[in-house]
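Chains as they are written, first to last, in my numbering: chain A, 1 to 255; chain B, 256 to 483.
A portion of the hints provided could be inaccurate.
What the hints assert, rightly or not - Derived DSS-like pairs: lysine-lysine, alpha-carbon spacing no greater than 30 Å straight-line:
id	chain 1	residue 1	chain 2	residue 2
1	A	Lys2	B	Lys353
2	A	Lys105	B	Lys353
3	B	Lys353	A	Lys242
4	B	Lys447	B	Lys381
5	A	Lys2	A	Lys47
6	A	Lys6	A	Lys105
7	A	Lys111	B	Lys353
8	B	Lys447	B	Lys308
9	B	Lys381	B	Lys317
10	A	Lys6	A	Lys20
11	A	Lys20	A	Lys47
12	B	Lys401	A	Lys242
13	A	Lys6	A	Lys147
14	A	Lys47	A	Lys6
15	B	Lys388	B	Lys401
16	B	Lys454	B	Lys353
17	A	Lys20	B	Lys447
18	A	Lys2	A	Lys20
19	B	Lys381	B	Lys401
20	B	Lys381	A	Lys147
21	A	Lys20	A	Lys147
22	A	Lys6	B	Lys353
23	A	Lys201	B	Lys447
24	B	Lys388	A	Lys147
25	B	Lys317	B	Lys401
26	B	Lys388	B	Lys308
Note that these hints are calculated values from the structure, not bench results.
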Amino acid sequence: MKFTLKIWRQAGANQSGELKTYEIDNISSDMSFLEMLDVLNENLVQKGEDPVHFDHDCREGICGMCSLYINGRAHGPQRAITTCQLHMRSFNDGDTIVIEPWRAKAFPVVKDLVVDRSAFDRIIQAGGFVSVDTGGVPDANLIPIPKDTASEAMDAATCIGCGACVATCKNASAMLFVSAKVSQLAMLPQGQVERYSRVEKMVAQMDEEGFGSCTNTYACEAECPKEISVTNIARMNAEYLKSKFTSSDSFAGKS
Amino acid sequence: MATVVNIFSHTIGRKLIMALTGGFLIIFLIGHLAGNLVLFVEDSQLAFNEYTKFMTTNPFVKVLSYLTYISIILHVIYAIVLGRMNTQARPVRYSYNKPAQSSTWNARSMTLLGLIVLVFLIIHLKSFWFELKFGAVPMMEGTDLKDLHTVVIAAFSQWWYVIIYVLAMAGLAYHLDHGFQSAFQTLGLNHKAYTPVIKSIGRIFAIAVPALFALIPVYVYLTQNNIL
Ligand code: HEM
Ligand code: FES
Numbered sequence: 001m002k003f004t005l006k007i008w009r010q011a012g013a014n015q016s017g018e019l020k021t022y023e024i025d026n027i028s029s030d031m032s033f034l035e036m037l038d039v040l041n042e043n044l045v046q047k048g049e050d051p052v053h054f055d056h057d058c059r060e061g062i063c064g065m066c067s068l069y070i071n072g073r074a075h076g077p078q079r080a081i082t083t084c085q086l087h088m089r090s091f092n093d094g095d096t097i098v099i100e101p102w103r104a105k106a107f108p109v110v111k112d113l114v115v116d117r118s119a120f121d122r123i124i125q126a127g128g129f130v131s132v133d134t135g136g137v138p139d140a141n142l143i144p145i146p147k148d149t150a151s152e153a154m155d156a157a158t159c160i161g162c163g164a165c166v167a168t169c170k171n172a173s174a175m176l177f178v179s180a181k182v183s184q185l186a187m188l189p190q191g192q193v194e195r196y197s198r199v200e201k202m203v204a205q206m207d208e209e210g211f212g213s214c215t216n217t218y219a220c221e222a223e224c225p226k227e228i229s230v231t232n233i234a235r236m237n238a239e240y241l242k243s244k245f246t247s248s249d250s251f252a253g254k255s
Numbered sequence: 256m257a258t259v260v261n262i263f264s265h266t267i268g269r270k271l272i273m274a275l276t277g278g279f280l281i282i283f284l285i286g287h288l289a290g291n292l293v294l295f296v297e298d299s300q301l302a303f304n305e306y307t308k309f310m311t312t313n314p315f316v317k318v319l320s321y322l323t324y325i326s327i328i329l330h331v332i333y334a335i336v337l338g339r340m341n342t343q344a345r346p347v348r349y350s351y352n353k354p355a356q357s358s359t360w361n362a363r364s365m366t367l368l369g370l371i372v373l374v375f376l377i378i379h380l381k382s383f384w385f386e387l388k389f390g391a392v393p394m395m396e397g398t399d400l401k402d403l404h405t406v407v408i409a410a411f412s413q414w415w416y417v418i419i420y421v422l423a424m425a426g427l428a429y430h431l432d433h434g435f436q437s438a439f440q441t442l443g444l445n446h447k448a449y450t451p452v453i454k455s456i457g458r459i460f461a462i463a464v465p466a467l468f469a470l471i472p473v474y475v476y477l478t479q480n481n482i483l
């Protein structure tokens, strides 16, 4: 297959970038999108040019490292997959493909298509954890959890933190990510200790990082490779408001 | 107090204000519409002017009307605050974007749709509310009632006024089609069984209420100009 690629090239964080056009040929329809970029980069290196920088790691849809805004969509044209799971057969021979980095103030471009997503890490550090006792391994059935609750918490926990929700949101809002991380712990008994301080701290950090607010367009859910539900956003709204309006330590000036 | 300020300086608290004020305005629309429907009644002059008097003098309605003013002002202020925050969150825009694949047009255009409603509100308040409060609305003959009915009929007899009205109601319809269910989500109410029902009710409300509002000037125009 043959493609015309328009790729965002930006030498560094504080440099200005632009879309550059590349022609590529002899691409197998069974190649993944990242493999296609590998071929492009080999060509560039052979020509002595700077290869296109892009993020990737597991290449099997579990790590959340790959990103890319492809033809105006986060992770390209297919639903519920990451870019590493996208195959060239999803495109037509001769197509022009525009490739841009995630665009958000909180995700500054490092180089070309690579963005810095450590804002997500700082949100997790602010409260996305549970306090656990050290000691022996507890018995598996020591803490009873209803199956439905466990499943829903698990669904939220499948978030791989790729940032597609932020990338696709018209407000560059991180509500889907943060709400998944709040929900997976708020629903389980182990997460109750920090339940309310967690949601307040994580939302505060989210705002501090410069993400936008939620207009409930639900684009995030539509583009999420793990199909995280916007129900989590409603749950986080409820958790946050409950915490602000009912919990006593909120009135003692907790952040 | 610090806590309260704190809440409204964060994303979710700001959205809470949007949802509460938007929700109140939805309730206001029902009341306003009920009154306007009087204009469909034949020889509605007396009935409408009595309704106008009730609306401007009843103390309970007064409280509601102040809540409505506050709601509109807060709703607009927080639309601006959130809007600024949201544009700042993406300083460099995509050069190629296809948002229609993942969200609806009206959900993405709430600011534009709200702006249409706001422009309409200003025109609307100027022609009726302002005239009634500060202008020279004549008295209805043989009564102690201000004759707003005649002012309304005169306004609705002009084709351009009717067109502005109808277009604004279309804008309101799209605003509500997204806004109605959005307010529930913002308040943290999302439920497997109830959310689809809320969305359906929202859609029916978003079509029916603005359509009925819009029908009144169209009806008046057609009857006044002897078309109907
Ligand atoms: C009768 C008039 C109006 C009604 C009933 C109404 C209702 C609503 C409702 C229910 C919402 C959803 C709130 C949420 O997402 O939680 C909303 C959102 C919004 N409204 Fe209005 N509204 C009205 C007028 C206006 C006006 C005059 C503006 C002025 C600009 C405006 C701008 C907005 C914006 C920008 C949003 C989206 C906020 C966001 O989530 O980013 N609205 N409205
Ligand atoms: S590279 Fe790990 S999810 Fe794509």
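Each hint, compared with the structure:
1. A:Lys2 x B:Lys353: Roughly 23 Å between the alpha carbons, so the hint for Lys2 of chain A and Lys353 of chain B holds.
2. A:Lys105 x B:Lys353: 20 Å, holds
3. B:Lys353 x A:Lys242: 37 Å, violated
4. B:Lys447 x B:Lys381: 44 Å, violated
5. A:Lys2 x A:Lys47: The given pair, whose Cα atoms are some 19 Å apart, holds under the 30 Å limit.
6. A:Lys6 x A:Lys105: Holds, because 22 Å separates the two Cα atoms, which is no more than 30 Å.
7. A:Lys111 x B:Lys353: Status holds; Cα separation ~24 Å.
8. B:Lys447 x B:Lys308: Measuring from Cα to Cα gives roughly 45 Å; hence the hint is violated.
9. B:Lys381 x B:Lys317: 19 Å, holds
10. A:Lys6 x A:Lys20: Holds - the C-alpha atoms of Lys20 of chain A and Lys6 of chain A are around 5 Å apart, at most 30 Å.
11. A:Lys20 x A:Lys47: 16 Å, holds
12. B:Lys401 x A:Lys242: 48 Å, violated
13. A:Lys6 x A:Lys147: Not satisfied, since the Cα-Cα distance of roughly 48 Å exceeds 30 Å.
14. A:Lys47 x A:Lys6: Within the cut-off at roughly 18 Å; holds.
15. B:Lys388 x B:Lys401: Answer holds: Lys388 of chain B to Lys401 of chain B is near 10 Å, not above 30 Å.
16. B:Lys454 x B:Lys353: Holds. Lys454 of chain B to Lys353 of chain B sits at ~25 Å (cutoff 30 Å).
17. A:Lys20 x B:Lys447: Not satisfied, since the Cα-Cα distance of roughly 46 Å exceeds 30 Å.
18. A:Lys2 x A:Lys20: Given that 30 Å is the threshold and the Cα spacing comes to 17 Å, the pair holds.
19. B:Lys381 x B:Lys401: 17 Å, holds
20. B:Lys381 x A:Lys147: 59 Å, violated
21. A:Lys20 x A:Lys147: 51 Å, violated
22. A:Lys6 x B:Lys353: 16 Å, holds
23. A:Lys201 x B:Lys447: 28 Å, holds
24. B:Lys388 x A:Lys147: 62 Å, violated
25. B:Lys317 x B:Lys401: Cα-Cα ~18 Å, so holds.
26. B:Lys388 x B:Lys308: 12 Å, holds
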